[in-house]
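**Q** These are the residues of each chain, in order.
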Amino acid sequence: MGNNPEINKKIQVEVENLSKTFPGGIRAVDEVSFRVYEGEIFGFLGPNGAGKSTIMMILTTLLKPSSGKAFINGINVSANPQQVRMNIGYVSQELSVDDMLTGRENLWLQGGFYGIPAEERKARIAEVLHLVGLEERKNSKVETYSGGMKKRLDIAAGLLHRPRILFLDEPTLGLDIQTRSEIWRYISGLRQKEGMTIFLTTHYMEEADRICDRIGIIDHGRLLTVESPSNLKKEMGGDLIRFTLNSEMGDAQTERALERLRSIPAIRKIVEVDGGKGEYSALTASGEETLPLFFAALQETGSSVGRVTLKTPSLDDVFLSYTGRDLREEKVHKDQGLQERFTRRRLQS
Amino acid sequence: MLSIYLNSTYYVCWRELKRFFRQKTRIIMALFQPLLWLVLMGNMMAGLTDNPYAARLLGVDNYLLFMTPGVMVMSALFGGVFNGVSLIWDRRLGFLQKMLTSPLPRFSIPLGKLAAIVLQITLQMIIILLVARFLGVHMATGLPGALVMLVFCALFATVMGGISLALATAIKTPETLFTVVNFLTMPLIFSSNAIFPREAMPSWLQIVADYNPVSYTVLPMRSLATSGWIWPDLLLGLGVLLLANAAVFLLLFNRFEKTQLI
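Chains as they are written, first to last, in the numbering used here: chain R, 1 to 349; chain X, 1 to 262.
To be clear, the hints were calculated from the coordinates, so they are not data collected in a lab. Predicted model, so just to flag it, every value in this text is computed and none were measured. The beta-carbon is built from N, C-alpha and C at its ideal position, and this holds for glycine as well. One thing to keep in mind: the hints can contain errors.
Think about it this way: if two alpha-carbon atoms lie no more than 30 Å apart in a straight line, the pair counts; the simulated DSSO-like pairs of lysine-lysine are [to be verified]:
| no. | chain 1 | residue 1 | chain 2 | residue 2 |
| --- | --- | --- | --- | --- |
| 1 | R | 141 | X | 18 |
| 2 | R | 122 | X | 258 |
| 3 | X | 258 | R | 138 |
| 4 | X | 172 | R | 234 |
| 5 | R | 10 | R | 311 |
| 6 | X | 24 | R | 141 |
| 7 | X | 18 | R | 150 |
| 8 | X | 18 | R | 69 |
| 9 | R | 122 | R | 150 |
| 10 | R | 141 | R | 64 |
| 11 | R | 9 | R | 233 |
| 12 | R | 141 | X | 172 |
| 13 | X | 18 | R | 138 |
| 14 | R | 69 | X | 172 |
| 15 | R | 64 | X | 24 |
| 16 | X | 172 | R | 64 |
| 17 | R | 9 | X | 24 |
With beta-carbon atoms standing in for the labels, derived distance ranges [what the hints assert, rightly or not]:
| no. | chain 1 | residue 1 | chain 2 | residue 2 | range |
| --- | --- | --- | --- | --- | --- |
| 18 | X | 186 | R | 74 | 25 to 33 Å |
| 19 | X | 10 | R | 140 | 43 to 51 Å |
| 20 | X | 17 | R | 35 | 15 to 23 Å |
| 21 | X | 175 | R | 146 | 24 to 32 Å |
Partner residues are not named here, just some residues of chain X that face chain R (Cβ under 7 Å, in silico) [as the list claims (entries may be wrong)]:
| no. | residue |
| --- | --- |
| 22 | 7 |
| 23 | 24 |
| 24 | 97 |
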């Protein structure tokens, strides 16, 4: 998917040294630069609070950047927001359809906001309803829709004025797995049928892997890398040895053991998974060949191992190697909280 | 440019009205509350006019006639003053974000919401007037006077609704807005001549009532109800309301066009 020949190199989104500092000094976006090309599905991947949505809100003219520049289709977002608005569709994280109106009324309203003439509007409404498969329920109030249907209606509303680029902020947040893959199908279909550029944010690894042409990994407001999913995985190369050390070992001995493991030439990198839990991940060219060396090294330092698994890297591991943190579905938030609590406790004692 | 504004305002208003007419409880309460005031308060206070001194203060021998403009203004006030809540919910549900990322001129958001409020309130006022008529209230200026009263109510509702919307651009939770609005409305009503005649107030309260915008809406309306076409009262009321509207719309334009809103 990474070298999709359909992607020509016309720039749709250009961001240069973009920063956003919120009142109170929180730096949500820190010197971010990247480009999105026409016809591409580009995804921002990162945990909650990484700054993904903030960047998207700047690009959709909802927030002003503190510094740096952003262009949509060559138009400066801060200088000409009104022109940018004609070019973009935005589907926010929240379900922003009106519950008390019917599906059709929601779309009618959206068309009104964009000043689409009545006749044309009717035709386009029929078209997008067909696209998201909601024709049969178009005259029911939205409050009777399921979560997935609401999201599809929301996406339909974002498509009505035929934007050149569609922004989807966490399009599958809070949806069950079945609905999620249904939404993915619609998004991929959109690109195929309409040739639209799609910019989405997600904290689901699988989502990024399955539908994005390129992924930007973002954490603490900084863009760490932009690559295709396959290149990212290739970059990892080889295998991963995931292991825990015997919990009875003290900090000093653990450190010594890790030091010794790092000195094995075949092991490229060792990172701690979810700091505080004592689980580690070692990257190596060939797991089968490295594993005997791995055990020998541990024995040498008098350490013992708790649990070992050998696996080929997933995007999850890619994320881990970039951020030092695991990105497992919605657990991230909780883990972060726990981690902070552990640190605080350690500081207190 | 004007056609874009009209079109956008129309759609914002269209949505508000659709929502209003689909909330049955809201409609019933909007109509029932002023009727309760009229019937209950009117009946309770009806004996008041038996007292000649009180009758002289009120300037009428029918308390309901005195009360009807007051009830209308209060209903317009309550109808308008919670308008900001809809903006807060739009923000919370992400609908505001949707409007803000569309080419919709931002100022048309308050314009549409206020247009919807004016239509709702006018409907409510017509019903109040009909019921008052049924209860034996005869306006001194008849039907033309009643129509002018509707205009005063509309002008008053846009001031109150506008202030509420302006507050909602800065306040992010409905609870806070409710608190602020309640803090403002109660003194506004009770320090005005809506329920009691100015002449019956202690002198310090008279001074407060003289500067209370509610009084300036009640004054011309009460003239129309009890006395006739008293032009100084009408022009004074109209002037104050137009000035207040100008100030509120200026404030709204500034808030919606110049601030972030989310």
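**Q** Determine for every hint whether it applies to the structure shown.
**A** Outcome of the hint check:
1. 141/R <-> 18/X: Cα-Cα ~12 Å, so holds.
2. 122/R <-> 258/X: Violated, at roughly 34 Å.
3. 258/X <-> 138/R: Violated, at about 37 Å.
4. 172/X <-> 234/R: 47 Å, violated
5. 10/R <-> 311/R: Not satisfied, since the Cα-Cα distance of roughly 38 Å exceeds 30 Å.
6. 24/X <-> 141/R: Holds, at roughly 15 Å.
7. 18/X <-> 150/R: Within the cut-off at roughly 19 Å; holds.
8. 18/X <-> 69/R: Violated - the C-alpha atoms of residue 69/R and residue 18/X are around 41 Å apart, more than 30 Å.
9. 122/R <-> 150/R: Since the Cα atoms of residue 122/R and residue 150/R sit roughly 20 Å apart, the hinted pair holds (cutoff 30 Å).
10. 141/R <-> 64/R: The hint is violated at about 35 Å.
11. 9/R <-> 233/R: 23 Å, holds
12. 141/R <-> 172/X: 27 Å, holds
13. 18/X <-> 138/R: Holds, at about 16 Å.
14. 69/R <-> 172/X: 29 Å, holds
15. 64/R <-> 24/X: Status violated; Cα separation ~40 Å.
16. 172/X <-> 64/R: 19 Å, holds
17. 9/R <-> 24/X: 55 Å, violated
18. 186/X <-> 74/R: 25 to 33 Å: 55 Å, violated
19. 10/X <-> 140/R: 43 to 51 Å: 25 Å, violated
20. 17/X <-> 35/R: 15 to 23 Å: 44 Å, violated
21. 175/X <-> 146/R: 24 to 32 Å: Cβ of residue 175/X to Cβ of residue 146/R: about 30 Å, so the range 24 to 32 Å holds.
22. 7: 6 Å, holds
23. 24: Violated, about 12 Å.
24. 97: Residue 97/X check passes; min Cβ-Cβ to chain R is 5 Å, inside 7 Å.
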